[in-house]
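Protein chains: 2
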Amino acid sequence: MTVGIVGLGLIGGSLAKAFRKYTDHRVLGYDVNPTVTQYAQMTDCIDGVLDKTTIAECELVLLAVYPQATVDYLAEMADVIADGTVVIDCGGIKRSICDRCREIEKDHGWIFIGGHPMAGLHHSGLKYAKADLYVGASMILTPKNTDDIALLEKVTNWLRSIGFGSVTVTTPAQHDEIIAFTSQLAHVVSNAYVKSPRAKVHRGFSAGSYRDLTRVARLNEVMWTELFLENKDNLIQEIDHIIGSLQEYREALNDDDAVRLRALLKEGSDRKERIDSGDGEH
Amino acid sequence: MTVGIVGLGLIGGSLAKAFRKYTDHRVLGYDVNPTVTQYAQMTDCIDGVLDKTTIAECELVLLAVYPQATVDYLAEMADVIADGTVVIDCGGIKRSICDRCREIEKDHGWIFIGGHPMAGLHHSGLKYAKADLYVGASMILTPKNTDDIALLEKVTNWLRSIGFGSVTVTTPAQHDEIIAFTSQLAHVVSNAYVKSPRAKVHRGFSAGSYRDLTRVARLNEVMWTELFLENKDNLIQEIDHIIGSLQEYREALNDDDAVRLRALLKEGSDRKERIDSGDGEH
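Residue numbers (my numbering), protein chains in the order written: chain A, 94 to 375; chain B, 94 to 375.
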């Protein structure tokens with residue numbers, strides 16, 4: 094089949110490279126920056142250029158651009174995408190994008206599915222894209238109909254063919270709620286962590302814990318600002334929750350309350366153990 | 094030479110195994126739990142038992158027990174440790190322990206040096222001890238005299254011989270200040286992170302960022318409570334700082350202030366980049 098990829102940055106570029114490396118599908122790509130599209134062609138990331146004509150040949154279209162660009166592109170191409178074509182976006186937040194894309198989908202024969210590949214790097218751009226970015230990763234899908242098993246099986250097979258280790262199907266609302274905790278809060282906390290005045294003088298004083306806590310501090314602030322604001326209700330709730338927890342340790346320390354501090358630490362430690370062992374799972 | 098190791102848990106056990114694996118030194122060990130000492134002997138972690146008689150044969154004594162036990166042991170052995178012997182503790186906080194051990198050191202011919210190996214696991218006990226725990230790690234030393242080059246060179250060579258990658262010499266006060274940021278805060282934040290109600294349902298929704306942020310959430314609450322309370326001034330300062338930072342993102346989100354949110358994220362991102370590239374170092 095033919096796969097169309099919109100946006101040839103880290104995510105789209107890696108999807109293109111993965112389809113080229115692991116499958117026999119024909120890969121068409123488009124980036125708003127013509128130099129990037131050209132570079133992708135020259136370096137064999139894509140077989141050809143995705144445009145208003147060639148998009149009609151695609152059985153699968155993957156949108157790997159910012160939310161507003163996703164909506165604009167889909168609106169522009171809505172009439173030329175073939176009936177039955179599956180269109181999946183790759184945005185980090187799903188409620189607003191799914192609402193808007195499903196609005197465009199109406200009266201058309203193609204099928205929109207919200208998507209969020211759980212993989213990334215703190216670098217962006219085609220030059221960091223790699224065919225193996227998705228190997229073992231999870232892909233979250235938010236289809237309109239979760240009971241169209243044939244469709245989900247087809248999409249899952251495509252995703253597995255380029256390395257994805259698992260596919261999780263959920264609703265846009267649940268996606269946004271959980272992602273606020275697993276990904277967005279992690280980036281906020283990590284970014285906040287390095288703001289301590291002590292952050293300047295750590296060499297020789299740090300082991301794995303510091304490295305892990307600050308790994309995602311470096312980020313694309315333009316992209317994350319957009320994602321955070323689109324999910325502000327959930328993210329604010331998570332930030333408030335961790336601030337509240339941190340204040341509890343702070344109080345126990347301030348009161349020299351060893352019993353309470355021990356209980357607080359044990360609670361977190363036990364909870365982590367339960368989650369890791371799977372008891373905390375649905 | 095003969096090395097004496099007090100406390101055969103993860104830290105002491107790994108020191109014993111490292112000296113046995115990488116050097117020809119004779120290793121004597123002692124654990125308050127006789128079964129552990131016996132097990133260490135049976136499994137060739139140690140060459141013999143460290144006691145009131147054999148400790149006199151040691152040129153180096155490493156104390157890998159809790160702060161109070163460190164002080165108690167040293168007080169008990171003060172008169173039998175040989176002149177010139179170097180005694181190094183392995184505790185996570187250095188001000189109080191150095192003050193107390195230097196008090197005991199007075200009128201004796203042995204030399205106390207505060208130490209803190211920057212390595213660990215969230216498991217404890219001899220069964221998790223491994224000879225390679227310190228390979229490439231940093232050892233922090235807080236000697237009374239930082240200008241006794243011959244002594245520091247001797248100790249550094251011993252440490253390098255069992256795999257340590259670097260030795261950092263500092264004061265107890267500076268150690269405690271920086272460690273509050275690089276290690277203690279990391280454990281508090283990680284432990285707090287998993288307390289979100291959303292922590293239960295993350296499978297399929299998480300990538301590296303969640304895993305990294307929560308890796309050290311599981312911890313020995315008894316040990317960390319003692320360490321945190323001994324360093325409460327510095328740790329409270331760090332907790333207050335990150336709470337203050339988190340509140341800034343929260344406000345920008347609440348105000349839908351994209352400009353401010355972007356600036357906050359860029360500040361953290363730039364800072365992390367500077368630190369990693371070494372510009373932030375002394």
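Everything labelled a hint here was simulated from the structure, so no lab data went into it.
Treat the numbers as computed from the prediction; the structure is a model and nothing was measured.
Careful, some of the hints might be misleading.
Each pair may be met inside one copy or between any two copies, as identical chains are not told apart.
Claimed, not checked - Derived DSSO-like pairs: lysine-lysine, alpha-carbon spacing no greater than 30 Å straight-line:
| no. | residue 1 | residue 2 |
| --- | --- | --- |
| 1 | 114 | 199 |
| 2 | 223 | 359 |
| 3 | 223 | 114 |
| 4 | 359 | 288 |
| 5 | 145 | 223 |
| 6 | 293 | 145 |
Verification of the supplied hints:
| no. | hint | result |
| --- | --- | --- |
| 1 | 114 with 199 | neither (35 Å within a copy, 70 Å between copies) |
| 2 | 223 with 359 | between (41 Å within a copy, 26 Å between copies) |
| 3 | 223 with 114 | within (10 Å within a copy, 41 Å between copies) |
| 4 | 359 with 288 | both (27 Å within a copy, 11 Å between copies) |
| 5 | 145 with 223 | within (27 Å within a copy, 61 Å between copies) |
| 6 | 293 with 145 | neither (51 Å within a copy, 45 Å between copies) |
Violation of the numbered hints given earlier is confined to hints 1 and 6; the remaining hints are satisfied by the structure.
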